[in-house]
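Colleague: Chains as they are written, first to last, in my numbering: chain A, 1 to 427; chain B, 1 to 358.
To be clear, the hints were calculated from the coordinates, so they are not data collected in a lab.
From a predicted model like this one, the values you see are computed outputs, not experimental measurements.
C-beta atoms are modelled at their ideal positions from N, C-alpha and C, and glycine is treated no differently.
The reader is advised that the hints may include incorrect statements.
[What the hints assert, rightly or not] Okay, the calculated bits of chain A under chain B, using three or more residues with CB under 8 Å as the criterion:
no., stretch
1, 26–32
2, 75–81
3, 170–184
4, 308–320
5, 419–427
[Unchecked claim] Lysine-lysine pairs mimicking BS3-like chemistry, simulated, CA-CA at most 27 Å apart:
no., chain 1, residue 1, chain 2, residue 2
6, A, K113, B, K169
7, A, K164, A, K241
8, B, K169, A, K87
9, A, K164, A, K151
10, A, K130, A, K164
11, A, K207, B, K150
12, B, K129, B, K231
13, B, K150, A, K165
14, B, K169, A, K130
15, A, K217, A, K164
16, A, K207, A, K217
17, A, K217, A, K165
18, B, K169, B, K93
19, A, K217, A, K151
20, A, K207, A, K164
21, A, K189, B, K150
22, A, K241, A, K207
23, B, K150, A, K217
24, A, K288, A, K151
25, B, K150, A, K164
26, A, K288, A, K389
27, A, K151, A, K165
28, A, K87, A, K296
29, A, K113, A, K151
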Amino acid sequence: MKMKFVSLVVAGMVAAAPAMAELVIPNLSYRTGPYAPGGIPYADGFNDYFTLLNARDGGIGGEMVSVPECETAYNTEKGVECYEATKGSGALVYNPLSTGITYQLIPKANADKIPIYTPGYGRTSAANGKVFEWVFNYPANYWDGASVAIKYLLDQNGGSLEGKKIALIYHNSAYGKEPIRTLQDLGTKHGFTLTELPVDAPGQEQKSQWLQIRRDKPDYVLMWGWGVMNAVAVQEAANIKFPMENFIGVWWSGSENDVVPAGDGANGYKSLAMHGTGMDYPLYADLKTHVYDAGKASGNGDQIGSVLYSRGVYAAMVIAEAARKAQELAGTSAINAVQMRDGLEALEITEARMTELGLPNFGQPFAASCEDHGGPGAGMLQQWDATAKQWTLITGFIAPDQAVLDPLIAADSEAFAAEAGITPRCN
Amino acid sequence: MLYREAGDFKTTYGEDGQTFPIRFDRMGYYVTLAVAFGVVPLVINDYWANAVFVPFLIYAIAAIGLNILVGYAGQVSLGTGGFMAVGAYAVYKLMTSFPDVPVLIHVLLAGGVTALVGVLFGLPSLRIKGFYLAVATLAAQFFLVWLFNKVPWFYNYSASGQITVPQSKMLGFYVTGAQTSASAKYLFSLVILVLLAIVARNLTRGAAGRKWMAIRDMDIAAEIIGVNPLKAKLSAFAVSSFFIGVAGALFFAVYLGAAEVTEAFSIQKSFLVLFMVIIGGLGSIFGSFAGAAFLVLLPVFLKNVLVGQLGWPTDLAAHLELMIVGALIVTFLIAEPHGMAQLWRLAKEKLRLWPFPH
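Chain A extracted, bound-state conformation:
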């Protein structure tokens, strides 16, 4: 009996290969640890969209989609374990929702020939498809976000930020450091001074940073936070009575979980948004019939319609569309990871297609190409209404300042190409 159990376990560790006729899209999620408030809704949205496709349409192009979930706890070692555990099962694409894990997977993706899709996170210079053949980060990346925030502030100040003080409070990790260089360059261009305030992981301890903000009185505070750091920052800002309308978070710092704990104090806090939010999309009617009412909702089902749930749905929608494109290009429904990459590269999301999918005006239309893996990079701004307990979009899509971003992306991706010995393609 004991031997049987052990051999079962060993067999499970070695293979665990599902039937090959499925499209395998692993979900490296995190539902535990300090980043779980962000990880849970995202993973639920991601799972629910594929559950819907399976239940309503019988998968994608007649192939059922299997979404094996693996817990990373936002930890790179567990991320490696999850990647190795799932890649043998015919995984088509990885979406780890962690910049740290993404950095680790980028060289592996090139070697194993499995694409990585990192919407709005990961390595920004992966937008350059000439160097990063296997990585995609459309529709927008961190540097786009930084530029969109500054453009919005320019707009608020009649086109000039001369002499203004802007503070950046960021998660002291690869993720939080990403926008610094862009903001410095934008500061030189527009004449504002940038103060950098790092917050060490996980981010519960921010008293000294906010003390400094209270002393320096910056005109605006930008935030690159994630997990518990967001809620703490919003609470601290409310405590020092910082004008919330001058406090802007990136799209990873703008979910309900971040603002609800601060109560009325969070009223007026703004954040970037790269897609719409809420349940006013026709897709939710289908989700209700085929997923929620059928008892197939992922997790506790209490995250439905939230900002990060919507982002999970968005990522799943893009991956599903890319798989469809890949099937069309390959002429077969049972695609492999290499064909999936071709699909991601040839993907075009139009407004008409999003309406057809039941998500009108949900995201920005974009078309990828061999050179362009980054999309247009536009973002909107949303503001928290504490009484109604909802996010309201206050702008349309704002395009980033490509004149500043392009040279930065070129420089960073060339550095990677030199380090990894990659010859640029698409010539």
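Since the structure of chain A is already known, use the hints to place chain B on it.
Modeller: This is chain B only, laid out in the frame that chain A set:
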């Protein structure tokens, strides 16, 4: 019956002083080595290498290193994560500055750099002991992590502060970077571990080790019988940090491939390696292996059972895993406060008498 000294005659001093004086032990050791070098590399795949074997081998090096300091020399250290970071950043700077030098040399040099840093942070041990020393090494942990995060020179001014290992080859095979095969990673770590374990074993049963143990057991008495505490303590810090630095270098270059200091070398790493040493057994090389195996394999094993076999939700499994590992550590230490090495020792005592106990 099988496991005994009787009938195993030694005719030279060399034979008498060997590491495994009992034939059965010796055979076991050779068989283990033969399997590790001859069989495992042939059957290993990416999952087994990256999730099980490579982390186990690397943590074993770190645990041996910390065991020298805590178990043999009695100097408590909570700076392991910081010293591993020194090894990782040293190997990164060396590999990017001198790409033509074989990576094995860089790894050993990184150990050397860490040894210097370890001696520096070991200086307070001459004045303070016990909990106070633990706090001083804790300061090293926080200072080093802060340093590697703050000074862009260490991460070659990359935008994100991430360090990514360049590809490199040895004897025609990739040993670092994404092209590395599972068996190359495994063998590279294994060779270094075996060499270092032999060094550690012989250091600890020689004059150096005896001095460390004398200091551990009673420093004043040791000083009176002629052990120089300055040399003994600092050499323990140097050797221990060398091992930990090599472990950190391998952890970054061979295992992770890309790292970020706050995440990969945080205080958790210090505690993890310390737990390995305590659970395995203080002052035992075998204990370092056992502790590393326990804390690396158990979570992976539990995850595969709970999620892979029983199909439980991943979050429930992750929480249960923490509870099971924690409960096992506590029960284990209550049952055997001296760790797995002591259990092994008792088992061997019993085996010698078997099947005819008194």
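Colleague: A separate judgement is required for each hint: does it hold in the structure or not?
Modeller: Hint check results:
Coverage of the stretch 26–32 of chain A by chain B holds in this model, with 3 residues showing a Cβ closer than 8 Å to a Cβ of that chain against a need of three. Note: the stretch 75–81 of chain A has 5 residues with beta-carbon separation from chain B under 8 Å; the three-residue rule is met and the coverage holds. With a cut-off of 8 Å between beta carbons, the stretch 170–184 of chain A has 8 residues touching chain B; three or more are needed, and the interface restraint holds. Counting residues of the stretch 308–320 of chain A whose beta carbon lies closer than 8 Å to any beta carbon of chain B gives 0, which falls below the threshold of three, so the coverage claim is violated.
Counting residues of the stretch 419–427 of chain A whose CB falls under 8 Å from any CB of chain B gives 3; the rule of at least 3 is met. Using a Cα cut-off of 27 Å, the hinted pair K113 (chain A) and K169 (chain B) holds, with the two alpha carbons roughly 21 Å apart. A threshold of 27 Å between alpha carbons decides the hint, and for K164 (chain A) with K241 (chain A) the separation of about 19 Å falls inside it, so the pair holds. Straight-line distance between C-alpha atoms of K169 (chain B) and K87 (chain A) comes to about 25 Å, which keeps the hinted pair within the 27 Å bound.
Note on K164 (chain A) and K151 (chain A): the hinted pairing holds, with a Cα-Cα distance of about 14 Å set against a maximum of 27 Å. Pair hint K130 (chain A) plus K164 (chain A) does not hold up; C-alpha atoms about 37 Å apart against a cutoff of 27 Å. Between the alpha carbons of K207 (chain A) and K150 (chain B) the distance comes to roughly 20 Å, so the proposed pair stays at or under 27 Å and holds. Pair hint K129 (chain B) plus K231 (chain B) holds up; C-alpha atoms about 16 Å apart against a cutoff of 27 Å.
With a C-alpha separation of about 22 Å, the suggested pair K150 (chain B) and K165 (chain A) falls inside the 27 Å cut-off, and the hint holds. Of the supplied pair hints, the one linking K169 (chain B) and K130 (chain A) holds, its CA atoms being roughly 26 Å apart against a limit of 27 Å. Distance restraint check for K217 (chain A) and K164 (chain A): the Cα-Cα separation of roughly 11 Å lies within the 27 Å cut-off, and the hinted pair is therefore satisfied. Taking the CA atoms of K207 (chain A) and K217 (chain A), the gap is near 15 Å; set against the 27 Å cutoff, the hint holds.
Pair hint K217 (chain A) plus K165 (chain A) holds up; C-alpha atoms about 8 Å apart against a cutoff of 27 Å. The hinted pair formed by K169 (chain B) and K93 (chain B) meets the criterion: a straight-line CA distance of about 17 Å does not exceed 27 Å. For the hint pairing K217 (chain A) with K151 (chain A), the CA-to-CA distance comes to about 21 Å; that is within 27 Å, so the pair holds. For the hint pairing K207 (chain A) with K164 (chain A), the CA-to-CA distance comes to about 24 Å; that is within 27 Å, so the pair holds.
Under the criterion of a C-alpha separation no larger than 27 Å, the hint pairing K189 (chain A) with K150 (chain B) is consistent with the structure, at around 25 Å. Of the pairs offered as hints, the one joining K241 (chain A) and K207 (chain A) holds, with about 14 Å between alpha carbons and a cut-off of 27 Å not exceeded. Taking the CA atoms of K150 (chain B) and K217 (chain A), the gap is about 24 Å. The hint holds against a cut of 27 Å. Annotation: proposed proximity of K288 (chain A) to K151 (chain A) is violated, straight-line Cα distance about 38 Å (limit 27 Å).
The straight-line distance between the Cα atoms of K150 (chain B) and K164 (chain A) is roughly 26 Å, inside the 27 Å bound, and the hint therefore holds. Proposed proximity of K288 (chain A) and K389 (chain A) is supported: the alpha carbons are some 22 Å apart, at most 27 Å. Pair hint K151 (chain A) plus K165 (chain A) holds up; C-alpha atoms about 15 Å apart against a cutoff of 27 Å. Proposed proximity of K87 (chain A) and K296 (chain A) is supported: the alpha carbons are some 25 Å apart, at most 27 Å.
For the proposed pair K113 (chain A) and K151 (chain A), the alpha carbon gap of about 38 Å is over 27 Å, so the pair is violated.
Hint violations for this structure: numbers 4, 10, 24 and 29, all remaining hints satisfied.
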